[in-house]
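Enquirer: If you want the building blocks of each chain, they are given just below.
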Amino acid sequence: MPRKTYRQAINEALDCEMARDDTVIVIGEDIAGGAGGSGEDDAYGGVLGVTKGLVGKYGRARVIDTPITESAIMGAAAGAASTGLRPVAELMFVDFLGVCFDQIFNQAAKFRYMFGGKARTPLVIRSMIGAGMSAAAQHSQALHPIFTHIPGLKVVMPSNAYDAKGLLIQAIRDDDPVIFLEHKALYDTQAEVPDEAYAIPFGEAEFVTEGDDVTIVAFSAMVARAKAVAEELERDGIEVELIDPRTTSPLDEEAILESVERTGRLVVVDEGSPRCGMAADIAALVASKGFAHLKAPVAMVTPPHTPVPFAPNLEAAYLPSNERIAAAVRSVLGETVPAE
Amino acid sequence: MQLDRPTLIEAYRRMRLIRDFEDNVQAQFEQGRIPGFVHLYAGQEASAVGVCLHLSDEDYIGSTHRGHGHCIAKGCDVTGMMKEIFGREGGLCRGKGGSMHIADLDKGMLGANAIVGGNPPLVVGAALTVKTKGLPHVAVSFTGDGGSNQGTTFEAMNLAVVLNLPAIFVFENNGYGEGTGVSYAVGADSIADRAAGFGMPAKAVDGRDFFAVFEAAREAIERARTGGGPSAIEVTCMRQHGHFIGDAQAYRSREELERVRADDPLRLFRERVTGEGRLDAPDLDAVDAECAKAIADAIEAAESAPVPSEDELTTDVYVSY
Ligand SMILES: Cc1ncc(C[n+]2csc(CCOP(=O)(O)OP(=O)(O)O)c2C)c(N)n1
Numbered sequence: 001m002p003r004k005t006y007r008q009a010i011n012e013a014l015d016c017e018m019a020r021d022d023t024v025i026v027i028g029e030d031i032a033g034g035a036g037g038s039g040e041d042d043a044y045g046g047v048l049g050v051t052k053g054l055v056g057k058y059g060r061a062r063v064i065d066t067p068i069t070e071s072a073i074m075g076a077a078a079g080a081a082s083t084g085l086r087p088v089a090e091l092m093f094v095d096f097l098g099v100c101f102d103q104i105f106n107q108a109a110k111f112r113y114m115f116g117g118k119a120r121t122p123l124v125i126r127s128m129i130g131a132g133m134s135a136a137a138q139h140s141q142a143l144h145p146i147f148t149h150i151p152g153l154k155v156v157m158p159s160n161a162y163d164a165k166g167l168l169i170q171a172i173r174d175d176d177p178v179i180f181l182e183h184k185a186l187y188d189t190q191a192e193v194p195d196e197a198y199a200i201p202f203g204e205a206e207f208v209t210e211g212d213d214v215t216i217v218a219f220s221a222m223v224a225r226a227k228a229v230a231e232e233l234e235r236d237g238i239e240v241e242l243i244d245p246r247t248t249s250p251l252d253e254e255a256i257l258e259s260v261e262r263t264g265r266l267v268v269v270d271e272g273s274p275r276c277g278m279a280a281d282i283a284a285l286v287a288s289k290g291f292a293h294l295k296a297p298v299a300m301v302t303p304p305h306t307p308v309p310f311a312p313n314l315e316a317a318y319l320p321s322n323e324r325i326a327a328a329v330r331s332v333l334g335e336t337v338p339a340e
Numbered sequence: 001m002q003l004d005r006p007t008l009i010e011a012y013r014r015m016r017l018i019r020d021f022e023d024n025v026q027a028q029f030e031q032g033r034i035p036g037f038v039h040l041y042a043g044q045e046a047s048a049v050g051v052c053l054h055l056s057d058e059d060y061i062g063s064t065h066r067g068h069g070h071c072i073a074k075g076c077d078v079t080g081m082m083k084e085i086f087g088r089e090g091g092l093c094r095g096k097g098g099s100m101h102i103a104d105l106d107k108g109m110l111g112a113n114a115i116v117g118g119n120p121p122l123v124v125g126a127a128l129t130v131k132t133k134g135l136p137h138v139a140v141s142f143t144g145d146g147g148s149n150q151g152t153t154f155e156a157m158n159l160a161v162v163l164n165l166p167a168i169f170v171f172e173n174n175g176y177g178e179g180t181g182v183s184y185a186v187g188a189d190s191i192a193d194r195a196a197g198f199g200m201p202a203k204a205v206d207g208r209d210f211f212a213v214f215e216a217a218r219e220a221i222e223r224a225r226t227g228g229g230p231s232a233i234e235v236t237c238m239r240q241h242g243h244f245i246g247d248a249q250a251y252r253s254r255e256e257l258e259r260v261r262a263d264d265p266l267r268l269f270r271e272r273v274t275g276e277g278r279l280d281a282p283d284l285d286a287v288d289a290e291c292a293k294a295i296a297d298a299i300e301a302a303e304s305a306p307v308p309s310e311d312e313l314t315t316d317v318y319v320s321y
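For the protein sequence lines, the chains are A and B, in the order given. Here full-length UniProt numbering is used: position 81 in the first sequence is 81, and no number is missing along the way. Here full-length UniProt numbering is used: position 230 in the second sequence is 230, and no number is missing along the way.
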């Protein structure tokens, strides 16, 4: 199978679905980039080049550059979705959610329930999360728990290129509003990705590694870190079962509970802020539905409850490190580890 | 208004300092010494300086992701700025903010702002403080042509008019929001006319011409200081570089990029003041030397400053009491 980057995989998913269904449009700031300039068209293809080439194939009527106007983009996409199009709207950095909260949370997310189940809103919002580029507090957040908190939204967090393509195709075919969160540190990572279209259903976790000693649940870019730790611990005879839920809403509760039933130990690794975050959510799930199987308190590895700092050394200290993940695993196994 | 010699020198000094700062930041960034995203202001100096020369530390400004020029024009310390951009201890935000978030509240600089449309409502708030306290100060929002389309900006302009606040909206129209051109992204023919539609006086000026900006700003600021309420200025200018350092700018034609050099506001200023015999070349050369030294010193100080202590990671989230 050909190896492709996460960026390419997302581009292919958009391409496949735009070719298959002419009601699919993409809309956002600079997604073609070059409109109204004196130089080339499609100079940007989105700030990180994810949508590049689409405008050449599908034209400006379906690949729509917008002014900087997130409320209008999200609202227009929600309105178009509820009247017959399947828009994929880009919210460049997830941090910009601040200026378009209403259209996503009070409008798109609520239509179906509020209108007695009659509405369909086949809307995808693609956005970019995560720290690691010294982009500081207003461009580095991992806000997936906020979306997960809102009933009516499906939330997808692909951790690799293969999943990114399959999950985005599923998202575009889905009749609900789906938030598709790409991690900026993953765009250049590669995996084997088929050329043809395939869909990965929502709510089905991936077992990245299998093992009986401890369960790790990790999301998005944290999956690769947890995997590196699992490989390292294997050399010491510790068998980690690493679960990537892939979607936080719906969440594959069964996979997590079934694994913890076998291992009796759980470490959750997430890049979101700790309060009301995914780590706390998964810990609560296991405490309420799988407590009897737990042989140790659940360990949570997250950033501290602070905004994301700019200075590279502080940002590195902010993110969950391999060392912190390994220490958490050893602590749930009852090994004494030196204090951090 | 005829400007006296010290004012002319000061105008040139601030513009030159911005340009040197940006040229050096670019070089340092390209050598991998500066982390994160950096957006250069070079080419737009006449706007920041033409406005801020009328302001004191008690007046406020709000800025954008392209904030270095506004910071320097408002009197921020270039060494503190440089340390900040390098992510070092002693930076104006102690290394926590970086290029896109530089602030210095003692100078009335309310912060660069990495959210497009983030600053206009905040500036309205600063103007509200000034009015409520009965002070003679003003608050200026610097916003791009791209930011002029943001809903927050519209709401801020309307509120400023409704409350008759001493706010000035400066729209720096440099032709692009990232890679998308203003002729595509702004539906109206003129950003100034659109601002006027909210019920305030608005003017468009040539941002290559320091004197034009200075004069328009003088009028607007005087009006605001004397209870005349908000106004808007659209400053047409040229962004000499890409949207960020590293931007290949394929969306701009070669001819346009060549024109950028010809439209340099610093060169035009120099030609005009020497041509009119108001300043001599040696006066200006002395300023050049002084600025070059200040920036070289700032870089040296930034390079040798320590990185922030890891304990800093969890401080400043809340005020402790
Ligand atoms: C709310 C929000 N949307 C989008 C962005 C991404 N972004 C950063 S700068 C920029 C372009 C801003 O253009 P303009 O206001 O004209 O300012 P200029 O860059 O030309 O100085 C965009 C789209 C952002 N930072 N914040």
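Errors might be hidden in some of the hints.
[Said to hold, decoys possible] The following residues of chain A were derived to be distant from chain B, with all beta-carbon distances above 12 Å: (1) I31; (2) Y44; (3) K57; (4) L85; (5) I150; (6) E210; (7) D212; (8) E234; (9) G237; (10) A292; (11) L294; (12) K295; (13) P307.
[Claimed, not checked] Derived coverage of chain B by chain A (criterion: at least 3 residues anywhere in the stretch with Cβ under 8 Å from a Cβ of chain A; other residues may be distant): (14) 93-106; (15) 303-310.
No lab work stands behind these hints, which were simulated from the structure alone. Virtual Cβ for every residue (Gly too), placed ideally from N, Cα, C.
Enquirer: Compare the structure with each hint and give your call.
Expert: Evaluation of the provided hints:
The beta carbon of I31 of chain A is not kept farther than 12 Å from every beta carbon of chain B, the shortest such distance being approximately 10 Å. With a cut of 12 Å on Cβ distances, Y44 of chain A falls inside the contact zone with chain B, its closest approach being about 4 Å. Taking the minimum C-beta to C-beta distance to chain B, about 18 Å, the non-interface status of K57 of chain A holds against the 12 Å cut. For L85 of chain A, the non-interface assignment is confirmed: its Cβ lies about 22 Å from the closest Cβ of chain B, beyond the 12 Å cut-off.
For I150 of chain A, the shortest C-beta to C-beta distance to chain B comes to about 21 Å, beyond the 12 Å cut-off, and the non-interface label holds. A cut-off of 12 Å between C-beta atoms confirms that E210 of chain A is not in contact with chain B; the least separation is 35 Å. Listed as outside the interface, D212 of chain A is consistent with that label: its C-beta sits roughly 36 Å from the nearest C-beta of chain B, beyond the 12 Å cut-off. The Cβ of E234 of chain A sits about 30 Å from the closest Cβ of chain B, beyond the 12 Å cut-off, so the non-interface label holds.
The beta carbon of G237 of chain A sits about 32 Å from the closest Cβ of chain B, which is more than 12 Å, so the claim that it is off the interface holds. The claim that A292 of chain A lies off the interface holds: its Cβ sits roughly 36 Å from the closest Cβ of chain B, which is beyond the 12 Å cut-off. Every CB of chain B is more than 12 Å from the CB of L294 of chain A (nearest about 29 Å), matching its label as outside the interface. Under the 12 Å C-beta cut-off, the non-interface status given to K295 of chain A relative to chain B holds; the minimum distance is some 31 Å.
Consistency note on P307 of chain A: stated as away from chain B, yet its beta-carbon is not over 12 Å from all of that chain's, at 7 Å minimum. With a threshold of 8 Å between beta carbons, the proposed coverage of the region 93-106 of chain B by chain A holds, since 7 of its residues qualify and at least three are required. Judged by the Cβ-Cβ criterion of 8 Å, the region 303-310 of chain B is covered by chain A as claimed, because 3 of its residues qualify and three suffice.
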